[in-house]
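Engineer: The listed protein sequences correspond, in order, to chains A and B. The numbering of the first sequence is the UniProt record's numbering, which starts it at 40 and goes up by one. The numbering of the second sequence is the UniProt record's numbering, which starts it at 1 and goes up by one.
There may be inaccurate statements among the hints.
Computed spacing ranges between beta-carbons, pair by pair [unchecked claim]:
{"#": "1", "chain 1": "B", "residue 1": "M1", "chain 2": "A", "residue 2": "Q294", "range": "34 to 40 Å"}
{"#": "2", "chain 1": "B", "residue 1": "L140", "chain 2": "A", "residue 2": "R249", "range": "37 to 43 Å"}
{"#": "3", "chain 1": "A", "residue 1": "S93", "chain 2": "B", "residue 2": "P5", "range": "52 to 58 Å"}
{"#": "4", "chain 1": "B", "residue 1": "R35", "chain 2": "A", "residue 2": "T88", "range": "50 to 56 Å"}
For lysine to any residue, the following SDA-like pairs were computed, each having C-alpha atoms within a straight-line distance of at most 20 Å [to be verified]:
{"#": "5", "chain 1": "A", "residue 1": "K62", "chain 2": "B", "residue 2": "A8"}
{"#": "6", "chain 1": "B", "residue 1": "K77", "chain 2": "A", "residue 2": "E260"}
{"#": "7", "chain 1": "A", "residue 1": "K203", "chain 2": "A", "residue 2": "N137"}
{"#": "8", "chain 1": "B", "residue 1": "K77", "chain 2": "A", "residue 2": "V127"}
Think of the hints as simulated: they come from the structure by calculation, not from any bench. All residues carry an ideal CB built from backbone N, CA and C; glycine is no exception.
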Amino acid sequence: RAQEVPEFQIKGFDTTETPNSFKEITTYNNFYEFGTGKEDPARYAGSLTTDPWSVEIDGLVSRPGSYGLGDILAKMDIDERIYRFRCVEAWSMVIPWNGFELRQLLELAGVEPSAKYVRFETLYRPEEMPGQKRAILDWPYVEGLRLDEAMHPLTIMATGLYGKTLPNQNGAPLRLVVPWKYGFKSIKSVVKITLMETQPVNTWKAINHREYGFYSNVNPEVDHPRWTQASERRIGGGVFAPRIATIKFNGYEDQVASLYKGMNLSKEY
Amino acid sequence: MGVEPIKAMEHAIGILGLQVLIASLCVTPLRTYARINLFKFRRALGLIAFFYIVLHLLVWLLLDVRIPSQIIADLYKRPYITIGMAGLLLLIPLAITSNRYSIRKLGANWRRLHWLVYPAVALGGIHFVILRKGWQLEPLLYLTVIGVLLLIRVPMARVIPSRARHT
């Protein structure tokens, strides 16, 4: 039986597909800081204090320091971006984010010419994040991007969805969104950004480098060792909806394939 | 069932099957160590577990994956699926022979055949652990319980035949 490929286009930044509902986006989450169940974040993330919030930007930047969230937001252009979102576990959603381009924030701190990578860190606060009391991951959660990936106009820091303030379970108050990579790259509740010369080690790669790479670009041709990445289940289809085909770079091939020219994507996964 | 009902069903039914299978393994140690006799429920527990595990497979086949080529590829390429499937296959002869006629017909071989439940439940526990991302607490607890239930049978296996010899 042929798999259904959803009809969609990427127009400007947005996909033409119908977004998932607010309820779907906010009740089915992976945020192990609040537990490993999909409903755990919605259940337990209410306890997280997101105000006051600041982001430490350090490393190879000309203006290192602690940036208050209010000060950051005052300087940023908040846009809506309707992005496809593909989890490494082979499910997907379409999400109308609100946010600003990460590039703007990095330019605020002034990237030094020697910087080649960006490292991100999630808040570590076990008294408000009950999942951090268990050693499921090596806390705090860390992610990373190559500088050109970080500067790409598709890469945003989200501050909301559906025009509302970002719910805690979705990574409030400030999270990364990189729509052509598996969801775990889009690190939540960011408190620290470091510009580096060497490639940072992201949390999932540190746990199992065979299963999770640094790049983690959505790629139906490169399977996860334990499951196929060729197809995905779109959340919200109900009991009888079939899987849909997964698309290289999650449908953003035209926009991002040039970043990986000459790389063997099955080796650098 | 939340916004992803297929996965929710698949997981809930699979866990239920494992729980009932584990419950069936508790019957003998409960009698040996706690003098609680639930033997008349053991066959029902085994069959209910088998029923849930078959249902779990059907959800995976007919609602979740559906694509025959992918199902076949998963069966040999994905260790957690291979292992889960092997556990289910081991239970089939047990389900078929869980009737009085077979018990009479097979005699001592019936008991030997039904030892297959031990590797089957162990495979079920391993299947649960390795399908999750990272080492998660819940499946590891199940695997621990299974390990304990299997290990306490080692002394029982040694004691019971020797007792049988003396009487």
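Engineer: Given a hint of 52 to 58 Å, does the C-beta separation of A/S93 and B/P5 actually sit inside it?
Structural biologist: 40 Å, violated
Engineer: Is 50 to 56 Å a correct range for the gap between the Cβ atoms of B/R35 and A/T88?
Structural biologist: 54 Å, holds
Engineer: Assess, step by step, whether the Cα of B/K77 is no farther than 20 Å from the Cα of A/V127, and give holds or violated.
Structural biologist: 17 Å, holds
Engineer: How does the Cβ-Cβ distance of B/L140 and A/R249 compare with 37 to 43 Å: does it lie in that range?
Structural biologist: 20 Å, violated
Engineer: Could you grab the alpha-carbon distance between A/K62 and B/A8 and see if it respects the 20 Å cut-off?
Structural biologist: 16 Å, holds
Engineer: Assess, step by step, whether the Cα of A/K203 is no farther than 20 Å from the Cα of A/N137, and give holds or violated.
Structural biologist: Distance ~8 Å between A/K203 and A/N137 Cα, so the pair holds.
Engineer: Check the following: the C-beta atoms of B/M1 and A/Q294 are separated by a distance inside 34 to 40 Å.
Structural biologist: 36 Å, holds
Engineer: Next pair to validate is B/K77 with A/E260; report whether the Cα-Cα distance is within 20 Å.
Structural biologist: Between B/K77 and A/E260 the Cα gap is close to 14 Å, so the pair holds against 20 Å.
Hint check: violations occur at hints 2 and 3; the rest are consistent with the structure.
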